[in-house]
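*Asks:* Sequence:
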Amino acid sequence: HKIDQEANSANIYAKIAQAIAPEIHGHDDIKKSLLLQLVGGVAQTLQDGMKIRGDIHILLLGDPGVAKSQILKYMSTISPRGVYTTGKGSSGVGLTASVTRDPLTSEISLDSGALILADM
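For the sequence shown, my numbering assigns the number 38 to the initial residue and increments by one for each residue that follows.
Treat the hints as calculated values from the structure; they're not laboratory data. Heads up, some of the hints might be wrong.
As the list claims (entries may be wrong) - For lysine to aspartate or glutamate, the following DMTMM-like pairs were computed, each having C-alpha atoms within a straight-line distance of at most 20 angstroms:
1. Lys69 <-> Asp85
2. Lys110 <-> Asp65
3. Lys52 <-> Asp65
4. Lys110 <-> Glu60
5. Lys105 <-> Glu43
6. Lys110 <-> Asp66
7. Lys52 <-> Asp66
8. Lys39 <-> Asp65
Unchecked claim - Label pairs and their computed distance ranges (CB to CB):
9. Ser149 <-> Gln84: 44 to 52 angstroms
10. Leu96 <-> Ala56: 18 to 26 angstroms
11. Gly91 <-> Thr114: 31 to 39 angstroms
A virtual CB, placed ideally from N, CA and C, is assigned to each residue, including glycine.
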């Protein structure tokens, strides 16, 4: 019954958004936009057959030290396909794959990048 009561509450959107990274206060608009991204948009097929994906993309910019990384780390833990990566691992090639050498055997291997891991 508690879920039904909450679902019918007028401020359920704000309550769920506030539950995102609860240790970080404020940033309500950012948390709401990330919530919408998490649940996704609606895919559409136009009359001419063209398909529009329902994916929502967000560019998060801000001054250093305003909790961008902490919020995104939290989102990657609750998103079913979330993968957190940093600038170090986010080069164009690093997002898709990287070549690594095993320090013990000197064998070279190809490791999946963040985009590949998120699409599994």
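*Asks:* If I claimed the Cβ atoms of Ser149 and Gln84 lie 44 to 52 angstroms apart, would that claim hold in this structure?
*Replies:* With a Cβ separation near 39 angstroms, Ser149 and Gln84 fall outside 44 to 52 angstroms, so the hint is violated.
*Asks:* Take a quick look at whether Lys39 and Asp65 sit within 20 angstroms of each other, Cα to Cα.
*Replies:* Status violated; Cα separation ~24 angstroms.
*Asks:* For the pair we were handed, Lys52 and Asp66, check the Cα-Cα distance against 20 angstroms.
*Replies:* Roughly 12 angstroms separates the two Cα atoms, so the pair holds.
*Asks:* Is the straight-line distance between the alpha-carbon of Lys52 and that of Asp65 20 angstroms or less?
*Replies:* Between Lys52 and Asp65 the Cα gap is close to 10 angstroms, so the pair holds against 20 angstroms.
*Asks:* Under the criterion that the straight-line Cα-Cα distance not exceed 20 angstroms, is the pair Lys69, Asp85 satisfied?
*Replies:* violated, 33 angstroms
*Asks:* Is the hinted range of 31 to 39 angstroms satisfied by the C-beta distance from Gly91 to Thr114?
*Replies:* violated, 23 angstroms
*Asks:* Is the Cα-Cα distance between Lys110 and Asp65 20 angstroms or less?
*Replies:* holds, 17 angstroms
*Asks:* For Lys110 and Asp66, compute the direct alpha-carbon distance and say whether it is at most 20 angstroms.
*Replies:* holds, 17 angstroms
*Asks:* Run the distance test for Lys110 versus Glu60: straight-line Cα separation, threshold 20 angstroms.
*Replies:* holds, 12 angstroms
*Asks:* Is the Cα-Cα distance between Lys105 and Glu43 20 angstroms or less?
*Replies:* Judged against 20 angstroms, a Cα distance of about 28 angstroms means the pair is violated.
*Asks:* Check the following: the C-beta atoms of Leu96 and Ala56 are separated by a distance inside 18 to 26 angstroms.
*Replies:* Check passed, 23 angstroms falls within 18 to 26 angstroms.
Checked against the numbered hints above, the structure breaks hints 1, 5, 8, 9, 11 and satisfies the rest.
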